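Visitor: Produce the entire structure from the sequences given, and follow the hints as far as they go.
As you go down the protein sequences, you meet chains Y and B in turn.
Residue numbering for the first sequence follows numbering that gives the first Met the number 0, starting at 0 and increasing by one per position.
Residue numbering for the second sequence follows numbering that gives the first Met the number 0, starting at 0 and increasing by one per position.
Possibly wrong hints are sitting among the right ones.
No copy is singled out in the list; a pair is fine if it fits within one copy or between any two copies.
Claimed, not checked - Below, a list of computed lysine-lysine pairs in the BS3-like style, where the Cα atoms sit at most 25 Å apart:
1) 5 to 46
2) 5 to 111
3) 111 to 46
Think of the hints as simulated: they come from the structure by calculation, not from any bench.
All values reported here derive from a predicted model rather than from experimental measurement.
Number of protein chains: 2
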Amino acid sequence: MLQLTKRTEYGLLALVHLAEREGAVVSVREICERYPLPRRTVAEVLKELQHAGLVDSTRGSNGGYTLARTPELLTLGDVVSALEGAPPLTTCESPIVLKGGGCEVQPMCPIKSPIHRVRERLWQMLEHTTLRSLVSKTAHVPLGAPGAVESN
Amino acid sequence: MLQLTKRTEYGLLALVHLAEREGAVVSVREICERYPLPRRTVAEVLKELQHAGLVDSTRGSNGGYTLARTPELLTLGDVVSALEGAPPLTTCESPIVLKGGGCEVQPMCPIKSPIHRVRERLWQMLEHTTLRSLVSKTAHVPLGAPGAVESN
DNA sequence: GCAAACCGCACTCAAAAGGTGCGGATTCAA
DNA sequence: TTGAATCCGCACCTTTTGAGTGCGGTTTGC
Ligand code: SF4
Ligand code: SF4
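Guide: See the structure below:
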């Protein structure tokens, strides 16, 4: 399904919050007080982002995460790539799996090449969308609004 | 996962074949002799495409499917839309589901708007890719190549 | 009448996504 | 020193989605 995973959304939200608090060490708890997200899963995602080198972690009592680069150098593509792998878009062209022998149609596939082209474009779009552009557009939203949601 | 479903690929392959045999009534059997695909599932897909008005069906002994429009007017977007619904890209912005009450973050979501923008772009790409462009690029491939695949 | 094709529903099976349990290590601060 | 807060790592479970099939029916041409 042509859709981003929830994990990716969580990651983006977390990164946006990290960017807003530029430089500060931010705990998962704080992120989940800002947005009504499952704490544990967000932690999972942050861990993956740290593995991918997008954020740095500080352990201990006042620990948390910080951006590893400036928001200008952090793209949507980086996040997607870190959390979902490069977008294959088709079953073949996937650098990861290729299990089960791959697609039988491949040698005669007429749609492989055109779809590959679409994939490249999509990827370019993602890589040209920086975290900065996500933050700036919402820097003026009211922060104090009590959402009053109950999930976790 | 940012990926097209196999059903969509099957649909595209079928449509390409229909386009190649312009106007002719083509049976599912013939498509599956051309490409090594699970016959039954392709039939399922064709049925969906017919429901969406992309192909016409003819019943009976010499029955099969034909394109409902010319390849120039049939876009990748039409196919994806028919088989997967419009690409939501995010959990919200999905015109179909919205079950479970939708996303709790929505009222304060900083990434909704930018991602929506990406989605629009993607959608435009898909809608500007016609079936014709898929066919023409492979009109010269050798058709008699015996792939020698065993599935189905 | 028979065979070939589409029609329609519902059902199973497998994979992916989403989320959690639990114990451990690290740091800070009282 | 003690304890609370935080990240760490692995494995596990549950829900959702995707892929494919069973089976009987209807339509059409020979
Ligand atoms: S070879 Fe063609 S049909 Fe097979 S996975 Fe790639 S694009 Fe899809
Ligand atoms: S509101 Fe934001 S977090 Fe929620 S589904 Fe939409 S984009 Fe994702």
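Visitor: Evaluate each hint against the coordinates.
Guide: Evaluation of the provided hints:
no.	hint	result
1	5 to 46	within (15 Å within a copy, 31 Å between copies)
2	5 to 111	between (28 Å within a copy, 13 Å between copies)
3	111 to 46	between (34 Å within a copy, 23 Å between copies)
Checked against the numbered hints given earlier, this structure breaks none of them.
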